[in-house]
Amino acid sequence: MRFIEIKNCYKVYKNGVAAIADLTLSINKGEFVFVIGASGSGKSTLIKMLYREEKPTKGTVEIGGINVGKLRNRTVYKLRRKLGIVFQDFKLLPKLTVYENVAFALECLGMKGREVRPKVIKALEHVGLKDKLRSFPSELSGGEQQRVCIARAIVNNPKLLICDEPTGNLDPKTSKGIMEVLETINKNLGTTIIMATHDKEIVDRMKKRVIVLDSGVLAEDHEKGRYKARESI
Amino acid sequence: MRKEDIKPVKAFRILGRSIRDAIKSVFRNFSLSIASILCTTITLILVAIAIVITVNINHITKNLEEELTIVVYIESDTSDERLADIEREINNISTVSQVTSKSKEEWRLEMQSYSDTLNTTLNYLEENPLLDSFIVTVLNVDDLRPTALEIREIANVESANYGEGMVEDIISVFDIIQTVTLAMVIALIVVTAFLISNTIKLTIFSRRSEIEIMRLVGSSNTSIKLPFIFEGFLLGVLGSIIPIIITIYGYLIMYEQMSVSSSFSIIELVRPMPFVLLTSIVLLLIGSVVGMFGSARAVRKYLKI
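Chains E and D supply the protein sequences, listed in that same order.
Take the first sequence: its letter number 221 is residue 221 in the working numbering, and every next letter is one higher.
Numbers given in the working numbering equal positions in the second sequence, counted from 1, plus 1000.
Do not take every clue at face value.
[To be verified] No more than 25 Å apart at the CA atoms, straight line, and that leaves these computed lysine-lysine pairs for PhoX-like:
(1) 95/E - 1024/D
(2) 14/E - 1024/D
(3) 1104/D - 70/E
(4) 95/E - 1062/D
(5) 1102/D - 78/E
(6) 1102/D - 91/E
(7) 1062/D - 91/E
(8) 55/E - 14/E
(9) 58/E - 91/E
(10) 112/E - 1024/D
[Said to hold, decoys possible] What follows is a set of in silico ranges between Cβ atoms, one per label pair, in the way DEER data are often shown:
(11) 157/E - 1245/D: 45 to 55 Å
(12) 82/E - 1250/D: 50 to 60 Å
(13) 95/E - 1011/D: 43 to 53 Å
(14) 89/E - 1245/D: 21 to 31 Å
(15) 1206/D - 100/E: 46 to 56 Å
(16) 117/E - 1038/D: 49 to 59 Å
(17) 1254/D - 117/E: 50 to 60 Å
Please keep in mind that the hints were generated in silico from the structure rather than gathered at the bench.
Using N, Cα and C, we set each Cβ at its ideal position, and we do this for glycine too.
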């Protein structure tokens, strides 16, 4: 069942840079997809178009039947409530505790306080940080901060988890831990995951579907377990 | 609040959360909050000073204007009946508010009381050389000249003087002072708005990542803006506290000093009540409204509206 449908999509920035060119691809519900490519290949632009931080210049990007590019700025929040987004730089609020950072995502939606707590605890359990509720981000390691970011992304049970180089700032061992968390979420919750990454070791090890972008063009699309990393990536 | 958010309970919850977050945020971003509050305080003190000056200048000029009169002298051989007729004719002029008669005998007694020389001279004369008169006040100070001209046309009127030249000069000076002080108040309010708004902009600039995260986790623009608007309101209110205290106590002290000191006896200030109360309300309104709009304007920039 197709969940994400990108058709003949182009993205040209105002400065004339063509980031995505004639991209067509579809992603099924519950899939775990890696998007890889060299710097400037259009990975981040593709990710940003998925959560409608950028609009396609031409073509369509549909998520769950919604044409994301057609959404007006003031209604984008409706889409984002159905997504979870994980960033390389975590984007945690430094003055809030772990609990507050995760709860923040639910409170922003106007959820009742008594509904928030169990959901936050459950999300933190998923990422193995239940015992760090009262810690501040500055008291956590990079891996732990990324786990908080993942907990915040999944707390509202999104159908789609978009990860923009979530292991980019982490060492291999910590990255492995993060990937295990993401795999568990994908398996146990059925969440579709799209992850942009540079880390060929992770891509190799995980044996998932791999989409390779090159200068904004879909260069390769490998089915689950068919991808073998090359030095050039 | 947009249509899609109109679920009363949820809306109230977002409102409550916004107020709670606004209060928390004032303390969490303490140094920036202090900067905003101080900026508001300083500009509102200036606004308060401008208001006090403007209102008092208006009050003083109004008092002075009320004291400007036309003195009408009647020819010496005019009968008492004719005097009564002239008084009636003056009263019939639409711009006249009051006519008080002052006989030559009253003038004589008044002049005799001024100095001994005048007293001796007037006593020496067998006949009173002074003239009967009327003191005329007008409804509006601008009516002085036309009213005096009209009175001069009445038969048996010797003269009708109101201090030509000097009065016009005083009136034009008053007009200039009033215009200048009013412009000053308006300019200060505009400056206050910009200063507060820009300080809040700086505060919000330092918190753009917070706004970005709110957008990314699916907050609607309204629910992002609300805490900042409440925060702006709160900063505005906090910033107006000191100017209000200064206005109330400063004005009361100044009023007492001015009324005690003999050198300022000709200057009568506006009574403190309800003036200071109204000024305080104006300061509170300027602080809070400008704070709210300043925040709303500043946060808009990061919302991609």
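So, going through the hints one by one against the coordinates:
1. The suggested pairing of residue 95/E with residue 1024/D holds, with an alpha-carbon distance near 11 Å, which does not exceed 25 Å.
2. The suggested pairing of residue 14/E with residue 1024/D is violated, with an alpha-carbon distance near 39 Å, which exceeds 25 Å.
3. The suggested pairing of residue 1104/D with residue 70/E is violated, with an alpha-carbon distance near 93 Å, which exceeds 25 Å.
4. Only pairs whose Cα atoms come within 25 Å are accepted, and residue 95/E paired with residue 1062/D is rejected, the gap being roughly 57 Å.
5. This hinted pair does not check out: residue 1102/D and residue 78/E have alpha carbons roughly 85 Å apart, beyond 25 Å.
6. Proximity of residue 1102/D to residue 91/E is assessed by CA-CA distance (about 88 Å); at most 25 Å being required, the pair is judged violated.
7. Between the alpha carbons of residue 1062/D and residue 91/E the distance comes to roughly 63 Å, so the proposed pair goes past 25 Å and is violated.
8. Taking the CA atoms of residue 55/E and residue 14/E, the gap is near 12 Å; set against the 25 Å cutoff, the hint holds.
9. Between the alpha carbons of residue 58/E and residue 91/E the distance comes to roughly 30 Å, so the proposed pair goes past 25 Å and is violated.
10. For the given pair, residue 112/E sits about 19 Å from residue 1024/D by alpha-carbon distance, which is consistent with the 25 Å threshold.
11. Distance hint for residue 157/E and residue 1245/D: a CB-CB separation of about 52 Å, consistent with the stated range 45 to 55 Å.
12. The beta-carbon spacing between residue 82/E and residue 1250/D, approximately 58 Å, falls within the hinted interval of 50 to 60 Å.
13. Evaluation of the 43 to 53 Å hint for residue 95/E and residue 1011/D yields a failure: the beta carbon distance comes to about 26 Å.
14. Taken as a hint, the range 21 to 31 Å is violated for the pair residue 89/E and residue 1245/D, whose Cβ atoms sit roughly 46 Å apart.
15. For residue 1206/D and residue 100/E, the hinted distance range of 46 to 56 Å is not satisfied, since their beta carbons lie about 19 Å from each other.
16. Between residue 117/E and residue 1038/D the beta carbon distance is about 39 Å. The supplied range of 49 to 59 Å is therefore violated.
17. Separation of residue 1254/D from residue 117/E is about 57 Å and conforms to the stated range, judged on CB atoms against 50 to 60 Å.
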